[in-house]
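Visitor: Each chain, written out:
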Amino acid sequence: MAGSKKIKKQDLARLLSQWSQEFSLFVPSRTSGPAEMTEYDGQDTSFLGWYRNTIIPPKASFLPHMEEMFSFHRNKQGHQLELPPSDEQKRLIFAIRPCDARALTILDNVFEDAYQDPYYRGRRRRAILVGLGCTNPYDSCFCTSVGGGPSETTGVDIMLTDIGDELVARGITKAGEELIARSNLARATKADQKRAEQSQEAARQKVTRKVDTRDMASRLQAVFDDRDYWQQLAAKCLSCGICTLLCPTCYCFDINDEGSPEKGTRCRSLDSCAFPDYTKMPMENPRDEKWRRVRNRLCHKYEFYPMLFDTIACTGCGRCIRLCPVNWDIAQILEGVPELSQAEGPK
Amino acid sequence: MTITDISQRKRFLAQGNVYLPHIAVIERIIDETPGIRTFHFNFKDERLRGEFTFESGQFGEFSVFGVGEAPFCISSSPTRQDHLGFTVQRVGRVTNALHRLAVGAEIGFRGPYGNGFPINNLEGKNLVFVAGGIGLAPLRSLVWNVIDNRAKYRNVDIIYGARSPADLCFKYDLDSWQKDKTVNLFTTVDKGDDKWKGKVGFVPQVLEGVAPSADGAVAVVCGPPIMIRFTFPVLEKLGFTPEQMLTTLEKRMKCGIGKCGRCNIGNIYVCRDGPVFSYAQIMNLVSSEY
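Taken in order, these protein sequences are the chains called C and A. For the first sequence, position 256 matches number 262 in the numbering used here, and the numbering has no gaps at all. For the second sequence, position 209 matches number 321 in the numbering used here, and the numbering has no gaps at all.
Quick caveat, the hints were computed from the structure, so don't treat them as lab data. Mixed in with the good hints there might be a few duds.
[Said to hold, decoys possible] Output of the computed footprint for chain A on chain C, the stretches with three or more beta carbons under 8 Å from beta carbons of chain A: (1) 110 to 121; (2) 207 to 221; (3) 227 to 238; (4) 305 to 313.
[Said to hold, decoys possible] Anything over 10 Å on all C-beta distances counts as not near chain C; from chain A, calculated: (5) Tyr131; (6) Arg140; (7) Lys156; (8) Arg161; (9) Phe164; (10) Glu181; (11) His195; (12) Val203; (13) Glu218; (14) Asn232; (15) Lys309; (16) Ser325; (17) Val346; (18) Glu362.
By construction, the Cβ of each residue, glycine as well, lies at the ideal position given by its N, Cα and C atoms.
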């Protein structure tokens, strides 16, 4: 461990103010209602007291609920298109949880493939993620079952561990190490590091929700055509879409025009595979029935996305469990997907 | 199924903002049927007119500013670059807005997207084109492509049908293919009228009657889902293997580039991995939601 540093919690405001000179700094906040990452106001670090995770995932800083893609207007020469000012902000997301940082790497696969998404990429490219390991995970968290953990470092540039009055900071990427180096932080002692390790281990023990996700893609494939099975699972779903809109790895979007042919904007907004209109065509709808939409959501995360990118598109953050109005519990559902019989074997 | 490597494809608009459409102008409007129109268009930017290339079977995202975008296949042939065309049935918000446009109106275009027909694999083959209604739109691009390179292909059969004589699209094409001694056209309608002297019957039945040989042949099928569902078994009966049958799938799309999510069938995105698939590929899809 190349020289961990530490931050006294009482000095955090000063450090954040310093960082906010260089970055658009986002911290957990609940002043607007649901907890989300909002721009640092220069003083309030009270989130250290209440923050477990945000309700609105940090993906919103990169893939906003709604954004203008371009505007258009018509003059004598015809239609003129204009891009919004390019987003040159260097973002620093402070205290992002490991599950949400890893979720961004899952979005990267989609938005930075052969067709680069200029909006997402522009925001993401220069962003620094400062992770804060969990010390108080929710009952609904199951990150350790899907390849993550409360102090997992995938996607973060700096990893912070809460050891009481102080945060131990470890550089994970080059950018993170450089930021630490120029932030004038005190060196973490051997004892600090020991306490950090203990804190991390304790947190890991607190993630008590376990789901056996081995062979999950094959298990889902085996029940894929069992309509009764899915109808039963989908029965209580309201198709409200909250599980997808607030999921840190869901990225589906809609594109719509606002205004008139004379003057308007083309906008992108989050969409959800839970909505019947999502796949609706004038003559038919391949997923008009709710069970098909529920099946698609679960299978996309645990079967289809892994087929494309070799990783599960769920980080076990538990938001969809906590926020579902009818308590549709994905971890419970996954546990219930039948094990493969010997004959089927893993595919 | 292998996911086609997108980076290998010709990608117009590969640089810059992929969502920013090019401005194109409607140059001609053809009433195909009471509810279907073909629009000829060309880019405002002179340079793009020269640079733009596409393959038969590829599609674009067409937009009416202030109303929205929708995907349509390019119905003109890459061998006839004097104009580009797309064909639209009036069914929803964007298609209604398109139908209200006049010659000279501006639209947005991004693309071309999708894989297109595997034209190189069709060389040296007997070709059987089976289409219903507006399903002739992607196929006519391929048919003209084949006719314009006629020596590369062997026998060409075209079986095309619509509900009634008034619902037949591209009647001007049907006239020229009828006169063209190098292709065999069989036109049929589900229900004739006083003036109709041609075949009456559903496309799959007519196909069965024509009975093209499966030997060294490829069948390309485009049309309403119900027609496709009844056509595949007929082709199988005629000895076509699933690899010898091609079709295009239709799904709701927004981005056209495999990101917005909605056109998936399992792990496949119709916009990016299709819209052209062989029946063999379709049978292997993890989901039957096609």
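Visitor: Each hint needs a verdict: does it hold in this structure or not?
Guide: Structure-based check of each hint:
1. Chain A is given as covering the region 110 to 121 of chain C, and this holds because 5 residues of the stretch bring a CB closer than 8 Å to a CB of that chain, at least three being needed.
2. With 0 residues bearing a CB less than 8 Å from a CB of chain A, the region 207 to 221 of chain C misses the requirement of three and the coverage assertion fails.
3. Taking a C-beta to C-beta cut-off of 8 Å, the region 227 to 238 of chain C contributes 3 residues in contact with chain A, enough for the three needed, and the coverage statement holds.
4. Under a criterion of three residues with beta carbons nearer than 8 Å to beta carbons of chain A, the stated coverage of the region 305 to 313 of chain C is upheld, 6 such residues being counted.
5. With a cut of 10 Å on Cβ distances, tyrosine 131/A falls inside the contact zone with chain C, its closest approach being about 5 Å.
6. Against the 10 Å criterion, arginine 140/A stays outside the reach of chain C, whose nearest CB is about 18 Å from its own CB.
7. For lysine 156/A, the requirement that its beta carbon stay farther than 10 Å from each beta carbon of chain C is not met, with the minimum near 7 Å.
8. The claim that arginine 161/A is not at the interface with chain C holds, since no C-beta of that chain comes within 10 Å of its own (minimum 16 Å).
9. The claim that phenylalanine 164/A lies off the interface holds: its Cβ sits roughly 18 Å from the closest Cβ of chain C, which is beyond the 10 Å cut-off.
10. With a minimum CB-CB distance of about 6 Å to chain C, glutamate 181/A fails to clear the 10 Å threshold, and the non-interface call is violated.
11. Annotated as non-interface, histidine 195/A keeps its C-beta farther than 10 Å from every C-beta of chain C; the closest such distance is 19 Å.
12. Distance to chain C contradicts valine 203/A as a non-interface residue, since its nearest Cβ pair spans about 4 Å, not more than 10 Å.
13. Not every beta carbon of chain C lies more than 10 Å from that of glutamate 218/A, the smallest distance being close to 5 Å; the non-interface claim is violated.
14. Against chain C, the non-interface label of asparagine 232/A holds: every CB pair exceeds 10 Å, the least being about 21 Å.
15. Annotated as non-interface, lysine 309/A keeps its C-beta farther than 10 Å from every C-beta of chain C; the closest such distance is 31 Å.
16. Every beta carbon of chain C lies more than 10 Å from that of serine 325/A, the smallest distance being close to 34 Å; the non-interface claim holds.
17. Non-interface status of valine 346/A relative to chain C is upheld: no Cβ of that chain comes within 10 Å, the nearest being about 22 Å off.
18. Distance to chain C contradicts glutamate 362/A as a non-interface residue, since its nearest Cβ pair spans about 7 Å, not more than 10 Å.
When the structure is compared with the earlier hints, violations turn up for hints 2, 5, 7, 10, 12, 13 and 18 and for no others.
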